[in-house]
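Chains as they are written, first to last, in the numbering used here: chain A, 1 to 273; chain B, 1 to 290; chain C, 1 to 312.
Heads up, some of the hints might be wrong.
With a straight-line cut-off of 27 angstroms between C-alpha atoms, the simulated DSS-like cross-links for lysine-lysine are [to be verified]: (1) K305/C x K165/A; (2) K102/B x K305/C; (3) K121/C x K20/B; (4) K183/B x K121/C; (5) K152/A x K52/A; (6) K307/C x K165/A; (7) K307/C x K183/B; (8) K305/C x K104/B; (9) K132/A x K15/B; (10) K98/A x K43/A; (11) K22/C x K102/B; (12) K286/B x K123/C; (13) K27/C x K183/B; (14) K165/A x K207/A; (15) K139/A x K286/B; (16) K24/A x K52/A; (17) K104/B x K20/C; (18) K152/A x K115/A; (19) K286/B x K121/C; (20) K249/B x K161/C; (21) K307/C x K102/B; (22) K8/B x K98/A.
If you are wondering where the hints come from, they were derived from the structure by calculation, not from laboratory data. Quantities reported herein were computed from a predicted structural model and do not represent experimental measurements.
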Amino acid sequence: MTTTLVRNDKETQFRVMKNENWQKPVYETNGLNLWYGTAHALKNIDLSINEKEVTAIIGPSGCGKSTYLKTLNRMVETVGGVTISGNVTFMGNNILGKSMPVELLRSKVGMVFQKPNPFPKSIYENVAFGPKIHGVRNKAILDIIVEDSLRKAALWDEVKDRLHKSAYGLSGGQQQRLCIARCLAVDPEVILMDEPTSALDPVSTHKVEELIRSIKNDVTIAIVTHNMQQASRISDRTAFFLNGEIVECDRTSTLFSTPTDERTDDYINGRFG
Amino acid sequence: MDHNLQAKISRRIAKDSAMKWLFGSAAAILVAVIAFLFYGIGADGVDRLNLSFFTNFGSRFPEKAGLKAALVGTLALMAVVIPVSMFIGLCSAIYLEEYAPKNKWTAFIEMNISNLAGVPSVVFGLLGLTVFVRAMSLGNSILAAGLTMSLLILPIIIVASQEAIRSVPDALREASYGMGATKWQTILHVILPSAIGSILTGSILSFSRAIGETAPLIVLGIPVIVQFLPTGPLSTFTALPMQIYDWAKRPQPAFADAASAGIIVLLIMLVTMNAFAIYFRNRSEKKLKN
Amino acid sequence: MSSIQPSEKARTRDIIAAAKKKERFGKLVPYLLLAVTSLTVLATFGIVYTLLKETFTFFTHINISDFVFGTEWAPFSNADPSFGVLPLLIGTLKIALIAILIGVPAGLACAIFLSEYASPKVKKIVKPIIELLAGIPTIVYGFFALTFVTPLLQTIIPQLKLFNALSAGIVVGIMILPMIVSLSEDALSSVPASFRDGSYALGSTKFETAIRVVVPAATSGIAASIILATSRAIGETMIVSLAAGSTPAFNLDLTGSIQTMTSYIVQVATGDAGYGTTIYYSIYAVGFMLFLFTFLMNRAALYIKTKFREEY
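Using the sequences plus the hints, can you model the full thing?
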């Protein structure tokens, strides 16, 4: 165990050194292994997610990319029988240890899911949910937070006249942007997005991508996507997962133009997956 | 990280675990109540469970009082309830699932069954008293009580059988039609055999309800001290819960022990029936998996 | 081979005839089944007709407003029998209220525990126990109330009578518990997991998720379960007959003997009131009220469950 950790540490240092223009990582993952029961879903993952960057995670279905994303806010534990070893730090704090309450981690790390999942409440209550949970009671402050978050999510103009109507009256794309606004309302450091546009039509997808571009100066984003064009359009860095391992991770432009691994080349050119 | 936030979160987590204990203790108390109930009744009644308790008729003397008439009466009652309720229940379920057109009359029947399920059992007693005991002059006989109980458990049987029939895969139906079978043949030879496990599970549970029901029998005027065994469907009789009710009401402590013993017998019958129900459920689940 | 033998012709004819007969029977089947199914409708009509007819007769003996608004229920008084139903109603409400106060919080807590906190292992143990509790005949609960709960409560409340509303109500509360637990648990479990994920991902604890997201999303199902359980408590007969006594009381005392609508019917049925007397007809009037209450509550529960079903 110790030896692998040392090796991983060296590799991480090596990577950081090699790319001096990278900013300091928000997340650092070293030698992460994860099992669902006996199925080995993540194998020795080493990956950094840099501040104020969009990191795309691509790979075929079942390659572990969603599992990895859900490890970053420990949502992976909501299904039973998960064993994790290795190291994941978030802003320098070990998040896999007992000393890190998931509630604290998740209040700093938002998540957007595959299918829009607004609560069966009003638009306002959806956005105000997080701040309320975290103890904001003042109505005036809540109003400001809700408006601000909806503006950031480019949804304010569309919903300002029906804030107190059910979120289910919105279209799928609007619902997904509402879910992003719901994340933004707790002022997170990172937003994890798990194929956020896979249930949306092209126009809504475009709007969500626009939104990602517009918020990336405020918040770090890690996005899992099936869509390689999307990864190349919106991300700064891309990691390619295959069978629970990282095959390659590089600047997006580099990875898509001159992949070093043959399998990456095959995948991004549609020869499998 | 933010200290204030961390403190707030520890408070929220503490509240969460406190609530978990609170909710969990509600479940624990529930389990404790059932243990207490079984222990309390079991400890008092177990001494009365000897052979004479089963071979004696009811009596004014607590130490002589036995279950003979009540046990035979309950069995006789079930001999009416089981065929009657199963026949009507199965026919209704088959009709509603396989034949019924989607119209107002069908909707009305369905609504009616759900209403019937919510009618208090004592009201079924009033129906039985007026229709079976008096209008049809069956008296306080096994038949009158059996018909009343059949109506009481009918909604449960119908709903359980409907669910069972609905869960038979359409592929089986299509396979049968594909071989030229008529609808009725398909129902008889394909659907019912695959649904029978779940139908039996639901039915047995409803029969155990009929065995334990007391209020309708009281309203029908079923007597408690009966010194003979029933001779036919029109014979007067008494039943297990009636006997327990009578003993429970009497002030002498010795009768309370007899009531406890009677309850033990009743509960053993019910647990046995539940075990059969679970057996049929598991068997039908296995069958559908294969 | 080329020509069909006469005997074979006859056989073919027989087969066709048999098939036709089968077809005729097949056409008859739905009508036969419909006839049997309609018996269930007949049963409801039987109940309503019986209750209405005898209640009508009752009101030829007793003034309807004396019945509905009367505060004294003394049908067995030789000198001055009176049939004011309010004491029976109050008795029934006392039982239902205590039962709700016991059954609803405990039932909801248990349902939330099972659906949100309990591991599959714990669930596998607790759920069959609740089913077992649901299968126990009410006569057993009644005996339990009379011989165990009342003596136990008397050690805490010395002035508690042998027959009292309190222990009967508590035990009715235990009796309706399994119903509340299983119906509410169904409602909670059918709330989509994506709501819980959304809430957890925002940093909510399990409790916050349960109270702010899951329970509100399951409100209609939970409300329906409470109404149905209340209806059961109102219609419950054996527990009150054994443990709550048979003294109609127009007061708010919980420690003394009371009479409910159901236990009055039982009292008359076990007594020797003759056919055709006012007392005989009175049980139908009381039964009709009981039927009306439970019917309306069951309808309301169904209405709430279908009309206010949250669309996810």
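(message) For a C-alpha distance cap of 27 angstroms, please report whether K102/B and K305/C respect it.
(response) At roughly 22 angstroms apart (the allowed maximum being 27 angstroms), K305/C and K102/B satisfy the hint.
(message) Given the hinted pair K305/C and K104/B, is their Cα-Cα distance within 27 angstroms?
(response) holds, 21 angstroms
(request) Would you mind confirming whether the straight-line C-alpha gap from K132/A to K15/B stays at or under 27 angstroms? (result) holds, 16 angstroms
(message) Hinted pair, alpha-carbon criterion (27 angstroms max): K305/C, K165/A. Please report holds or violated.
(response) Roughly 22 angstroms between the alpha carbons, so the hint for K305/C and K165/A holds.
(message) Just to be careful, I want the Cα atoms of K24/A and K52/A compared with a cutoff of 27 angstroms; is the pair within it?
(response) holds, 10 angstroms
(request) Assess, step by step, whether the Cα of K307/C is no farther than 27 angstroms from the Cα of K102/B, and give holds or violated. (result) holds, 20 angstroms
(message) For a C-alpha distance cap of 27 angstroms, please report whether K152/A and K115/A respect it.
(response) holds, 21 angstroms
(message) Given the hinted pair K307/C and K183/B, is their Cα-Cα distance within 27 angstroms?
(response) Violated, at about 36 angstroms.
(request) Verify the proposed pairing of K22/C with K102/B, using a straight-line Cα cut of 27 angstroms. (result) holds, 26 angstroms
(message) Hinted pair, alpha-carbon criterion (27 angstroms max): K27/C, K183/B. Please report holds or violated.
(response) Within the cut-off at roughly 10 angstroms; holds.
(message) Next pair to validate is K121/C with K20/B; report whether the Cα-Cα distance is within 27 angstroms.
(response) Holds, at about 16 angstroms.
(request) For the pair supplied as a hint, K152/A and K52/A, confirm whether the alpha-carbon distance does not exceed 27 angstroms. (result) Holds, at about 16 angstroms.
Going down the numbered hints, you'll see the structure goes against 4, 7, 15, 17, while the others check out.
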